[in-house]
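Residue numbers (our numbering), protein chains in the order written: chain A, 1 to 513; chain B, 514 to 605.
Read the hints as simulated data drawn from the structure, not as lab findings. Here a beta-carbon is modelled for each residue, glycine too, at the ideal position from N, C-alpha and C. Among the hints, a few may not be true.
Said to hold, decoys possible - On the chain A side, residues computed to face chain B include the following (Cβ under 8 angstroms): (1) Tyr199; (2) Asn219; (3) Phe225; (4) Ile346; (5) Met349.
To be verified - Sample of chain A residues at the chain B side, in silico, Cβ under 10 angstroms: (6) Ser9; (7) Met196; (8) Ala198; (9) Met207.
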Amino acid sequence: MKKPSFTQSMSLLHTWGGLVLGWLLFVIFLSGSLAVFDQEIDNWMHPELPVAEVEQAHAAQVALDYLKQRHPEQTAWRISLPGERTDQLSVSVGEGRRNAEAQFLDPRSGEPLASRKSTGGYFFFSFHFLLNLPVLLGIWTTGFAAVAMLVALVSGIVIHKKIFKDFFTFRPAKGQRSWLDVHNVTGVLMLPFHLMIAYTALSIFAMIYMPAGVHSVFNGDNKAFTQQMYGGQRFGGPQVPKERGEPAPGADIAEVLVRAREVLGPVTDLSIGNPGYSTARIQARASMGNTVELTKGRTAVFDGVTGELLEPPTPTARRTLFTQRVMTGLHFAQFGGYPVRWLYFICGMASCVMIATGLVIFTLKRRRASEQTKTFAYRVYRSAEHLNVAIVAGLIVACGALLWSNHLLPAQLAERSDWEQRVFFGIWLLTLLHAFLRPWRKAWCEQLCLAAVLCLGLPLLNAFVDGQAHHPWLEGTSVGFGLILLRIARRVANPPAEVPARKRKSEATEVTP
Amino acid sequence: MRVDYSMISRVLASTLGAYALAYAFAAACARLLPGDAADAAMIAALLSFALLTAFVPWIFSRRTACRAWGVVALAIPLAAVGFWPQLWSLVP
Numbered sequence: 001m002k003k004p005s006f007t008q009s010m011s012l013l014h015t016w017g018g019l020v021l022g023w024l025l026f027v028i029f030l031s032g033s034l035a036v037f038d039q040e041i042d043n044w045m046h047p048e049l050p051v052a053e054v055e056q057a058h059a060a061q062v063a064l065d066y067l068k069q070r071h072p073e074q075t076a077w078r079i080s081l082p083g084e085r086t087d088q089l090s091v092s093v094g095e096g097r098r099n100a101e102a103q104f105l106d107p108r109s110g111e112p113l114a115s116r117k118s119t120g121g122y123f124f125f126s127f128h129f130l131l132n133l134p135v136l137l138g139i140w141t142t143g144f145a146a147v148a149m150l151v152a153l154v155s156g157i158v159i160h161k162k163i164f165k166d167f168f169t170f171r172p173a174k175g176q177r178s179w180l181d182v183h184n185v186t187g188v189l190m191l192p193f194h195l196m197i198a199y200t201a202l203s204i205f206a207m208i209y210m211p212a213g214v215h216s217v218f219n220g221d222n223k224a225f226t227q228q229m230y231g232g233q234r235f236g237g238p239q240v241p242k243e244r245g246e247p248a249p250g251a252d253i254a255e256v257l258v259r260a261r262e263v264l265g266p267v268t269d270l271s272i273g274n275p276g277y278s279t280a281r282i283q284a285r286a287s288m289g290n291t292v293e294l295t296k297g298r299t300a301v302f303d304g305v306t307g308e309l310l311e312p313p314t315p316t317a318r319r320t321l322f323t324q325r326v327m328t329g330l331h332f333a334q335f336g337g338y339p340v341r342w343l344y345f346i347c348g349m350a351s352c353v354m355i356a357t358g359l360v361i362f363t364l365k366r367r368r369a370s371e372q373t374k375t376f377a378y379r380v381y382r383s384a385e386h387l388n389v390a391i392v393a394g395l396i397v398a399c400g401a402l403l404w405s406n407h408l409l410p411a412q413l414a415e416r417s418d419w420e421q422r423v424f425f426g427i428w429l430l431t432l433l434h435a436f437l438r439p440w441r442k443a444w445c446e447q448l449c450l451a452a453v454l455c456l457g458l459p460l461l462n463a464f465v466d467g468q469a470h471h472p473w474l475e476g477t478s479v480g481f482g483l484i485l486l487r488i489a490r491r492v493a494n495p496p497a498e499v500p501a502r503k504r505k506s507e508a509t510e511v512t513p
Numbered sequence: 514m515r516v517d518y519s520m521i522s523r524v525l526a527s528t529l530g531a532y533a534l535a536y537a538f539a540a541a542c543a544r545l546l547p548g549d550a551a552d553a554a555m556i557a558a559l560l561s562f563a564l565l566t567a568f569v570p571w572i573f574s575r576r577t578a579c580r581a582w583g584v585v586a587l588a589i590p591l592a593a594v595g596f597w598p599q600l601w602s603l604v605p
């Protein structure tokens with residue numbers, strides 16, 4: 001084998017690694033960008049729930065009244081409060097997981113509301129890092145993709161030395177050259193975002209990905225490490241004695257909420273142990289967006305009868321844990337309200353564009369080069385080209401189909417949220433079939449147009465089918481998205497005449513093996 | 514079609530091998546860092562991802578597969594540092 005130069009090696013790594021992991025990365029980035037607005041999408045997916053701004057204290061009170069009436073003998077109540085991002089109020093009871101069997105309530109009156117069972121906006125969140133795989137396999141797969149992203153960025157920088165010059169070179173309407181320009185411009189402009197998002201992705205499950213320290217210093221004793229790192233910090237509801245004591249009236253929830261906000265900032269939910277008895281405890285949980293640091297378990301515990309603060313929240317004492325939580329927080333984008341959410345959404349979409357254009361360039365170039373020979377390589381590139389369609393345009397179609405199925409499937413359907421997911425994966429599979437049956441350009445065009453129609457029709461669907469409330473931001477974004485997709489489809493259908501690329505030294509580095 | 518075993522070997526070295534190297538580095542790092550053991554393990558883990566990112570291109574760009582595995586072999590002394598008490602306990 002001929003000995004490759006360093007740049008050629010990096011080029012190989014970038015192009016082949018980029019192709020194989022690019023498909024995965026596109027899926028992760030698109031679902032991740034949507035997951036930035038998971039709660040907002042979730043609101044849209046529950047059209048029966050009223051859009052009604054209600055004081056948190058009022059909502060908490062009506063929820064308590066409901067629970068007192070319906071579940072007086074339960075030992076644990078949980079109330080998920082409306083807040084900045086949602087007007088949903090839901091309650092659940094028992095020792096199970098949070099929101100296991102959540103009941104939505106009208107935040108104004110406390111009336112139980114029958115809402116469709118939906119996989120909800122959190123589908124995009126869990127799909128983003130689990131890809132519908134078993135948990136550990138999903139975490140490792142996305143972790144692998146994150147490293148591949150970092151490597152693709154580093155190797156991309158090496159093969160693409162003229163970073164600053166390319167800030168100013170976008171040559172539209174020049175066929176393949178334009179795709180490459182889009183790839184380079186989005187790659188270079190968004191480089192800090194790309195590096196940050198991929199690196200902080202790894203920090204979330206840092207000790208799962210790299211347990212070397214636990215294996216060596218702690219001799220593999222994960223419990224000992226966790227104990228030392230988190231200092232026995234508990235997650236879950238408040239600790240209460242098994243003996244419930246005497247029946248006793250509950251504390252004034254409005255006052256408890258005021259005190260909770262003093263020590264926690266905005267509060268998202270309440271857990272109540274031994275409600276209605278003298279040993280009752282109320283645990284308030286801070287919403288995630290108060291600080292950059294992602295503090296999932298930051299809580300304050302109050303006496304359920306007197307309303308006295310018993311356990312104030314403990315700040316993260318360890319600097320290393322703090323560092324890890326800040327990195328995680330940077331990835332989760334919960335800290336700056338809507339401006340930061342939009343920033344992450346736009347950056348994430350730009351990453352999608354970079355990945356998609358990268359995939360297109362790769363196959364376009366190689367298929368052309370191997371067109372005359374019709375060899376094995378030609379067939380591989382052709383398949384890759386068709387797969388590109390299904391991964392990029394097909395996934396957008398599938399996401400649109402998920403939202404459409406949420407409104408169109410009968411509300412009383414059994415296993416309804418599973419059916420929504422089945423529609424998502426079924427449609428995605430169909431786009432794969434379609435991509436291989438149709439000529440390449442037509443497949444792109446048709447799927448992009450279908451995706452555009454699904455996006456453009458979203459507000460109409462909501463208005464005509466059963467929408468109670470309008471979601472101007474979500475629907476406006478969807479329409480904007482649809483228009484962009486239409487434009488891309490038109491460009492794909494009518495490619496501009498190819499201008500032969502000027503031969504430049506730097507462009508010769510994209511070697512074709 | 515000709516199978517390029519040397520390329521397969523290089524790819525394995527720069528994926529599994531690079532991870533092994535980063536793992537060994539993190540083990541040694543956690544062992545050598547002064548202060549609290551849990552902090553050391555966390556710092557080692559967070560640092561190791563940057564190293565992993567550097568190791569992959571470094572190993573992949575070696576001129577031959579042999580040299581690529583040569584870089585990976587650096588994991589052996591690093592792992593010995595990281596796991597010396599465990600190794601020591603194996604000595605009868």
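Violations among the numbered hints = Hints 4, 5 and 7 not satisfied by this model.
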